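Chain residues, written in single-letter form:
There are 6 protein chains.
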Amino acid sequence: MSKILTLGEIMLRLATDTGIRLDHTQQFMAHYGGGEANVAISLANYGHEVKYASKVPSNPLGNAVKKHLQSYGVLVDSLIMGGERLGMYYLESGCGERGAAVVYDRAYSSFATMKELEWNFDQLFADVELIHLSGITPALSKNWQKMILELLKEAKKRSIKISFDMNYRGKLWTVLAAKQTFKEILPYVDYCSAGKLDALNFMDIPENESALNLESAADMAYYYQAMNAKYPNIQVFYSTLREVYSASHNTLQGTVWNQGELVTSKIHEINPIVDRVGGGDAFAGGILHGLLVKMKLNEMVDFATAASALKHTIHGDCNQFSIAEVKAFVAAESGKIVR
Amino acid sequence: MSKILTLGEIMLRLATDTGIRLDHTQQFMAHYGGGEANVAISLANYGHEVKYASKVPSNPLGNAVKKHLQSYGVLVDSLIMGGERLGMYYLESGCGERGAAVVYDRAYSSFATMKELEWNFDQLFADVELIHLSGITPALSKNWQKMILELLKEAKKRSIKISFDMNYRGKLWTVLAAKQTFKEILPYVDYCSAGKLDALNFMDIPENESALNLESAADMAYYYQAMNAKYPNIQVFYSTLREVYSASHNTLQGTVWNQGELVTSKIHEINPIVDRVGGGDAFAGGILHGLLVKMKLNEMVDFATAASALKHTIHGDCNQFSIAEVKAFVAAESGKIVR
Amino acid sequence: MSKILTLGEIMLRLATDTGIRLDHTQQFMAHYGGGEANVAISLANYGHEVKYASKVPSNPLGNAVKKHLQSYGVLVDSLIMGGERLGMYYLESGCGERGAAVVYDRAYSSFATMKELEWNFDQLFADVELIHLSGITPALSKNWQKMILELLKEAKKRSIKISFDMNYRGKLWTVLAAKQTFKEILPYVDYCSAGKLDALNFMDIPENESALNLESAADMAYYYQAMNAKYPNIQVFYSTLREVYSASHNTLQGTVWNQGELVTSKIHEINPIVDRVGGGDAFAGGILHGLLVKMKLNEMVDFATAASALKHTIHGDCNQFSIAEVKAFVAAESGKIVR
Amino acid sequence: MSKILTLGEIMLRLATDTGIRLDHTQQFMAHYGGGEANVAISLANYGHEVKYASKVPSNPLGNAVKKHLQSYGVLVDSLIMGGERLGMYYLESGCGERGAAVVYDRAYSSFATMKELEWNFDQLFADVELIHLSGITPALSKNWQKMILELLKEAKKRSIKISFDMNYRGKLWTVLAAKQTFKEILPYVDYCSAGKLDALNFMDIPENESALNLESAADMAYYYQAMNAKYPNIQVFYSTLREVYSASHNTLQGTVWNQGELVTSKIHEINPIVDRVGGGDAFAGGILHGLLVKMKLNEMVDFATAASALKHTIHGDCNQFSIAEVKAFVAAESGKIVR
Amino acid sequence: MSKILTLGEIMLRLATDTGIRLDHTQQFMAHYGGGEANVAISLANYGHEVKYASKVPSNPLGNAVKKHLQSYGVLVDSLIMGGERLGMYYLESGCGERGAAVVYDRAYSSFATMKELEWNFDQLFADVELIHLSGITPALSKNWQKMILELLKEAKKRSIKISFDMNYRGKLWTVLAAKQTFKEILPYVDYCSAGKLDALNFMDIPENESALNLESAADMAYYYQAMNAKYPNIQVFYSTLREVYSASHNTLQGTVWNQGELVTSKIHEINPIVDRVGGGDAFAGGILHGLLVKMKLNEMVDFATAASALKHTIHGDCNQFSIAEVKAFVAAESGKIVR
Amino acid sequence: MSKILTLGEIMLRLATDTGIRLDHTQQFMAHYGGGEANVAISLANYGHEVKYASKVPSNPLGNAVKKHLQSYGVLVDSLIMGGERLGMYYLESGCGERGAAVVYDRAYSSFATMKELEWNFDQLFADVELIHLSGITPALSKNWQKMILELLKEAKKRSIKISFDMNYRGKLWTVLAAKQTFKEILPYVDYCSAGKLDALNFMDIPENESALNLESAADMAYYYQAMNAKYPNIQVFYSTLREVYSASHNTLQGTVWNQGELVTSKIHEINPIVDRVGGGDAFAGGILHGLLVKMKLNEMVDFATAASALKHTIHGDCNQFSIAEVKAFVAAESGKIVR
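Those sequence lines, one after another, are chains R, C, A, V, U and Z.
Be aware that the first sequence starts at 8, since it is given in the numbering used here, and climbs by one per residue.
Be aware that the second sequence starts at 8, since it is given in the numbering used here, and climbs by one per residue.
Be aware that the third sequence starts at 8, since it is given in the numbering used here, and climbs by one per residue.
Be aware that the fourth sequence starts at 8, since it is given in the numbering used here, and climbs by one per residue.
Be aware that the fifth sequence starts at 8, since it is given in the numbering used here, and climbs by one per residue.
Be aware that the sixth sequence starts at 8, since it is given in the numbering used here, and climbs by one per residue.
Everything labelled a hint here was simulated from the structure, so no lab data went into it.
All values derive from a computational prediction rather than experimental measurement.
Hints may be right or wrong, so weigh each one.
Since the list gives no way to pick out one identical chain from another, each pair is judged satisfied if it fits inside one copy or across any two copies.
As the list claims (entries may be wrong) - Under the rule of at most 27 Å between Cα atoms (straight-line distance), these lysine-lysine pairs were calculated in the BS3-like manner:
{"hint": "1", "residue 1": "K10", "residue 2": "K74"}
{"hint": "2", "residue 1": "K334", "residue 2": "K273"}
{"hint": "3", "residue 1": "K343", "residue 2": "K186"}
{"hint": "4", "residue 1": "K273", "residue 2": "K343"}
{"hint": "5", "residue 1": "K178", "residue 2": "K343"}
{"hint": "6", "residue 1": "K149", "residue 2": "K122"}
{"hint": "7", "residue 1": "K334", "residue 2": "K178"}
{"hint": "8", "residue 1": "K178", "residue 2": "K122"}
{"hint": "9", "residue 1": "K237", "residue 2": "K190"}
{"hint": "10", "residue 1": "K149", "residue 2": "K168"}
{"hint": "11", "residue 1": "K10", "residue 2": "K168"}
{"hint": "12", "residue 1": "K149", "residue 2": "K237"}
{"hint": "13", "residue 1": "K168", "residue 2": "K190"}
Build out the structure end to end from the sequences listed, making use of the hints.
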């Protein structure tokens with residue numbers, strides 16, 4: 008199978024058990040995750056040769072990140088050990104009407120404070136056919152805004168396919184700042200995870216006035232079409248439509264647009280939600296897998312959405328299911344046990 | 008902000024994890040709580056100067072009560088350390104159709120066996136503007152039936168506002184006994200937590216025959232009006248309407264009646280319920296806060312019901328949310344996460 | 008009360024917590040259970056004198072089985088200690104749309120490798136009035152197919168009533184193999200747990216073409232009638248209709264057919280499900296209890312279905328509720344707490 | 008094997024984990040135990056037919072007691088279910104120089120408040136050859152001081168051997184009160200667990216002035232001899248010599264005196280101690296087993312002391328080891344693993 | 008009792024269970040602590056009115072700090088809520104020969120990045136009679152080196168007694184940098200926690216060549232005397248002599264020097280050690296209590312060393328024992344249980 | 008660094024917490040380990056390229072094994088997924104005088120039931136310079152006795168160095184059977200883990216009659232010399248001398264003999280022991296690392312013994328320490344913390 012590179016930040020997540028507040032807990036559950044790392048693990052689970060590039064401190068927490076990635080078979084020879092600290096955040100799990108609360112403590116991390124790309128490009132890109140990046144990385148610093156463009160140019164030069172997840176985070180930068188950066192990035196992109204809000208906020212697409220059903224499939228067709236009109240280099244757009252009934256109950260529907268064709272998955276009922284962090288990355292991982300093995304579009308969206316739905320049922324940021332398990336889940340009746 | 012006094016019993020609650028029976032468990036979760044203590048903590052969280060008066064044994068369990076209250080900033084200089092034991096109860100958590108089971112072991116407690124009011128009144132009532140009591144205290148003993156009246160008279164003498172939560176407990180006394188006592192108490196009360204059943208059982212209010220929807224807002228208006236007609240001294244009545252679909256799924260709507268005006272909150276979907284113990288106290292805490300800071304009636308009922316709904320999503324008897332958190336919850340969409 | 012014997016295999020179940028995968032967990036919850044043992048425990052809880060016959064290794068795991076049974080008052084003088092190992096299985100708990108996953112490791116167990124009935128029949132059957140067996144036992148080996156017939160003949164000879172739960176397990180044998188064995192067994196049976204699929208697969212009953220509602224009460228009447236026509240010796244048939252919305256949410260309705268009369272229970276909403284393993288055994292236990300104490304048919308089906316619904320709300324394979332608790336649950340409103 | 012009856016109080020113990028204070032813990036470990044119940048379990052583990060008589064409330068805690076006893080095979084037909092509450096105590100585990108701290112909450116228990124012997128004597132004493140009682144029972148109430156004598160007389164009348172563990176508890180009564188009661192009890196006793204302090208405090212034995220080594224074997228010989236001189240009816244005395252280096256490190260040596268002959272066991276190094284509660288009961292259980300099966304005196308003291316040492320290495324009040332395990336421990340080198 | 012102020016940094020400690028490595032753990036235990044906060048809690052436990060001044064972020068972790076301090080009754084009106092983050096560190100607990108490992112992540116904390124003293128001095132110092140500071144604070148930044156001197160001058164001006172714990176941390180600054188700062192601080196100090204290494208490294212005291220036993224009492228007398236000769240303003244010096252046999256086994260002896268008089272405590276055997284973090288602060292807390300209530304020197308050193316030894320037996324940074332408990336521990340035999 | 012292959016069986020270990028018996032526990036801790044896998048992980052931690060060959064079932068337990076190995080960077084391309092089951096064992100942790108108890112359930116495992124070597128030799132041995140095997144593998148079956156010789160011959164043919172750990176397990180085969188097999192194996196071996204008992208039992212070496220101190224260094228020199236005389240092909244012998252004071256307290260001294268030269272490490276005090284399983288493998292891993300990087304003999308024995316001592320302080324079968332950590336431990340004082 009093909010060789011993929013993902014690059015971004017990975018953090019320690021410290022979470023409370025459901026029903027315990029952050030200021031009251033006597034213990035934390037520890038998980039390691041980050042969008043690009045989660046995608047790397049998904050692809051490794053599906054049998055791809057993937058490597059993950061980042062920078063983590065040379066201390067037990069950096070080692071923990073390494074072990075976490077290695078356990079899934081992700082290659083870590085481009086994981087630099089150095090810098091001051093591992094970014095982290097505290098998560099007070101949500102429940103019912105009460106949404107989760109996040110306290111970030113990610114500033115000054117080894118990755119965020121990088122001033123130049125410390126990798127040897129020939130080594131970093133050796134045999135790579137696809138690179139996956141996200142909009143979180145340029146949100147971390149001015150330096151990263153420059154460096155991400157460097158990476159894109161270098162990848163383009165080497166004819167590497169570029170996957171980009173816009174992943175706007177309002178706690179890290181303004182819509183305006185993001186917009187300026189995204190304008191520079193998007194012309195390089197081949198596959199893009201972007202939804203309606205991304206179209207409106209970052210690509211100057213006007214609202215779809217004819218839409219009867221907001222965020223319906225028809226509505227999404229309009230936005231994907233319009234985004235592709237702006238960036239004809241982007242062949243594939245994808246995103247999920249999520250209905251949030253409560254922190255414990257969501258529905259999820261995947262949508263993929265490939266050169267004019269739109270497909271949608273069935274709507275998954277996710278109730279209860281065990282852990283929704285990384286749900287989007289599991290979807291992206293499924294889509295990239297579909298593109299790499301040239302799945303049919305319908306199969307791809309079903310596979311990716313199923314992977315995302317499965318992710319919601321387990322603790323931790325990354326999808327832990329194999330191709331066979333995801334496919335069995337697509338085929339199974341909800342909640343069936345076999346014995 | 009103003010100075011409030013709450014007085015009543017606090018107990019140790021020993022609970023099993025969901026899905027484990029009391030006669031099978033190898034461990035118990037420990038929480039400390041009691042209606043008046045819970046209200047005190049709510050008000051302390053909202054920035055009020057509150058003190059809690061009670062009697063607990065001078066042993067590690069009494070200390071635990073003290074630490075629990077102090078951690079929220081509740082003043083404990085009127086918490087008497089003495090007597091034989093701390094009242095307690097065992098809780099087998101409910102789940103779905105199976106309701107929770109409670110085993111009381113509260114007899115002979117330091118508080119229940121008090122024979123006279125051991126506080127110095129000048130000290131107890133110093134600077135106090137509002138006292139909050141409940142119908143559980145007179146249910147504990149003949150002595151407490153006398154002592155609660157003593158407290159009420161003394162408070163009245165000092166022009167302290169009196170808040171009373173009827174809180175009838177069928178495991179502690181009969182409807183008849185409660186009725187006789189409540190008749191003596193209610194003439195002193197300014198703010199009263201009482202619902203339809205209280206009106207029927209303890210105030211000789213006839214059933215509302217014109218009601219189409221039981222326990223609807225209109226129905227509640229009738230009962231509040233009728234109760235006020237009997238006790239014109241009570242300016243404010245409040246209670247929640249709870250629909251119990253299962254032990255894991257309830258809906259909750261708050262109602263407040265203030266000198267003829269009735270307001271109701273939106274209906275909260277609480278699913279799943281983490282811990283419903285103390286839900287009523289969180290509502291009362293919100294109402295008293297609203298009265299103390301002179302919130303508008305609509306805002307007050309929304310605030311108090313939100314506080315109660317939040318309480319259901321955390322372990323432990325007391326509301327652990329600040330004014331800002333409750334208000335954000337009122338404003339937020341269900342289950343939303345911000346990052 | 009009367010004396011009952013159940014005989015079958017009991018296993019160690021090692022389960023993960025919800026949301027943790029088998030290949031990721033650092034700990035397992037341990038439970039002991041098996042269909043016939045679970046039925047024995049139900050009946051012991053209801054005050055019957057019950058003994059359980061099986062074979063477990065003479066090691067700490069065998070001792071654990073013994074302690075488990077004894078704790079509920081099940082008699083273990085026919086529990087043989089010997090052989091190589093205790094059968095076991097790993098359970099990855101399901102959640103929402105994701106069903107539970109089971110990994111069996113039960114081959115070569117002390118029970119499954121038995122070559123002859125090692126009990127002294129006079130001792131085994133002393134005072135026994137009812138024996139309960141299941142279709143899992145003959146699925147374990149050719150030897151057990153022979154031995155189960157031996158047991159049936161011996162029981163018949165002693166005028167002992169025979170209860171049989173068909174309990175077909177596709178992971179243990181084929182439909183064809185099961186069919187052949189069941190044909191030999193069923194002529195001995197008095198009470199039989201069997202549903203529509205059993206009728207179709209093992210008794211050559213043709214599909215009910217007039218059925219409008221699949222698995223409705225009317226539909227079940229057809230199948231029970233038809234099975235009774237084939238095996239007029241079987242006076243009582245019973246089974247539950249389960250609607251699986253997800254691994255966390257099922258509905259459950261009990262049905263019993265007794266000499267031409269069909270009754271059904273109300274439909275229980277089970278949401279969330281704590282642990283559905285043993286739900287069928289709890290139903291069987293309730294039915295057998297009803298038959299033993301000669302409950303009315305309606306009461307019996309309500310009792311047995313309530314017992315099964317209750318079982319779903321606790322961890323572990325066996326029903327842990329007394330007659331009084333099951334009856335209170337039948338009478339109570341869903342999720343009600345009394346205090 | 009022979010039939011034994013033990014009778015006394017059993018309590019719920021709520022303990023913290025090592026290093027967590029009672030007023031700080033968020034959870035408790037639950038164990039059930041009491042001297043006479045612990046002895047019953049020891050004897051059941053050794054294959055004897057034992058029954059335990061007591062009174063516990065008819066609630067889930069009473070059921071838990073029943074399940075606990077049954078799991079070890081102790082007969083519970085004389086365990087009365089009734090009364091108000093189960094006695095309990097809180098244990099803050101000790102560690103190193105810091106001893107454990109106990110908070111009793113045992114007053115008003117179902118057993119302690121018994122006013123008359125509620126058992127049918129013919130049923131209670133049916134087939135009983137040995138009864139085991141302790142000095143804790145008469146310490147509970149005046150009533151129990153009378154009732155224990157009633158029991159002794161009744162047992163004597165039926166030629167039942169009487170075993171008595173003096174077990175003086177300073178938190179329950181004074182030395183003087185105990186002395187008066189013990190004087191009435193001891194004339195009935197055949198086997199007595201009593202040490203040097205018991206001799207000095209309750210039997211007016213003068214201090215052994217010639218002793219060079221306090222609590223040495225020679226010293227014990229003096230006291231046992233002297234006690235026997237006072238109470239020639241007592242054939243067997245036994246007790247352990249414990250050196251407390253810290254809460255985590257004790258040494259333990261058993262001593263038995265049988266009609267003039269004294270034997271002592273080797274000195275066991277117990278380091279670390281997991282749980283010393285019930286260590287004395289495990290010793291008594293071993294001695295009684297030795298007497299019942301007529302072990303040689305040396306073997307008996309080795310067996311009983313080993314059982315007691317083993318008890319210190321596990322959580323919970325009762326000895327959980329079989330004859331074979333205790334004997335293997337006597338024979339093994341310290342800490343050896345076999346694989 | 009008198010009013011004390013302590014001021015310094017408090018951090019979140021995330022620790023693994025014994026035997027689990029930092030890069031392998033799936034959960035962390037959370038404790039909050041810092042030298043000056045720990046001393047404040049000790050003094051609050053002993054009944055003093057104490058306030059703690061620091062700066063923590065206005066987020067759930069800052070709230071947790073506040074609740075932690077309040078639960079012990081420490082006043083928090085000078086605890087500023089603001090800044091970016093709470094300092095933290097990861098602790099891999101040691102065991103036997105393997106020492107604990109610490110990973111600091113404390114840079115950029117709200118406290119460490121303070122640029123000026125944000126307190127109103129009149130409010131901060133109102134009624135204060137004693138201030139306690141440590142050498143960790145000036146190690147945090149150049150700013151804090153200035154600010155600590157400002158605090159000292161202001162305290163001196165107001166005739167407040169000054170207590171200083173040198174507490175040199177090699178991971179924060181060099182010996183040289185510390186020396187320069189300490190030279191400026193020490194002339195203000197009244198009570199000083201300093202040992203032999205402090206004398207050698209920071210006060211230019213020559214090695215005690217006549218010492219036969221290193222770190223013996225006689226040796227300490229020499230160093231205390233010499234330090235006092237340099238800084239005659241310091242009336243009281245104190246420190247503990249610790250023999251580290253392993254991470255699980257230390258001995259501890261307290262020493263206090265007061266205006267020429269040296270006293271030492273008995274040597275405590277601490278085995279096993281539950282948590283040694285904060286052991287020095289518990290000693291300091293005991294000494295300051297002794298000085299405040301004018302204990303005799305011998306009693307003071309026994310009390311303070313006992314408090315420190317007790318601290319080693321519980322989890323968490325702060326001493327959780329009352330005066331009565333510490334005194335009982337001084338008087339008790341090692342490991343004794345009373346019941 | 009060089010490429011190493013280890014081959015053998017890996018099992019699931021299910022252990023109780025200290026102080027909980029196997030027949031009483033409600034949960035198990037899960038660890039995966041086996042001698043050769045543990046050595047592979049040690050070497051991977053030290054930076055070597057290592058692969059581990061074995062056969063595990065193609066199910067979640069097999070996946071767990073794979074993840075476990077991968078997390079440490081061990082190559083798993085020769086880990087065959089197939090067969091029926093994963094071997095396992097239950098461990099009741101020992102404590103003080105009570106040794107651990109092991110219940111094996113390893114028969115019929117995927118590895119033990121292998122009938123032929125299923126690897127492609129060119130792939131298996133590609134670039135391999137050292138192979139590590141143990142005496143447990145031939146103990147599993149007649150087939151493995153043949154197959155291990157096949158492997159040895161093939162390795163020899165390819166000039167691969169052969170390391171062998173005799174590791175006799177009395178629960179798997181007799182001394183006689185082992186002796187016969189070892190005689191065939193040892194002529195191929197270059198490095199051998201063997202102690203005095205191995206010399207006596209399997210190599211017909213006569214007892215060292217001149218020995219004053221049993222198992223002293225001098226004694227070991229005699230045995231190593233004698234073994235080398237029998238098998239001159241073996242250049243290096245190594246083993247540890249372990250003094251078992253209790254299950255919680257051992258001492259450990261390493262010995263290595265290299266072509267006539269004997270070195271011994273210092274004696275490590277291991278108290279308390281967290282988990283001694285895998286202690287010998289950690290020693291072997293250290294020795295092999297020393298040989299691979301050509302450490303001096305003294306340094307090697309110190310390094311390997313330190314690695315083994317460290318292993319005893321953590322849960323799990325494998326050494327989790329890096330070269331730097333082991334070296335720091337060699338250099339450090341016992342139990343020292345740095346901060």
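In ascending order, which of the hints set out earlier in this document are inconsistent with the structure? none
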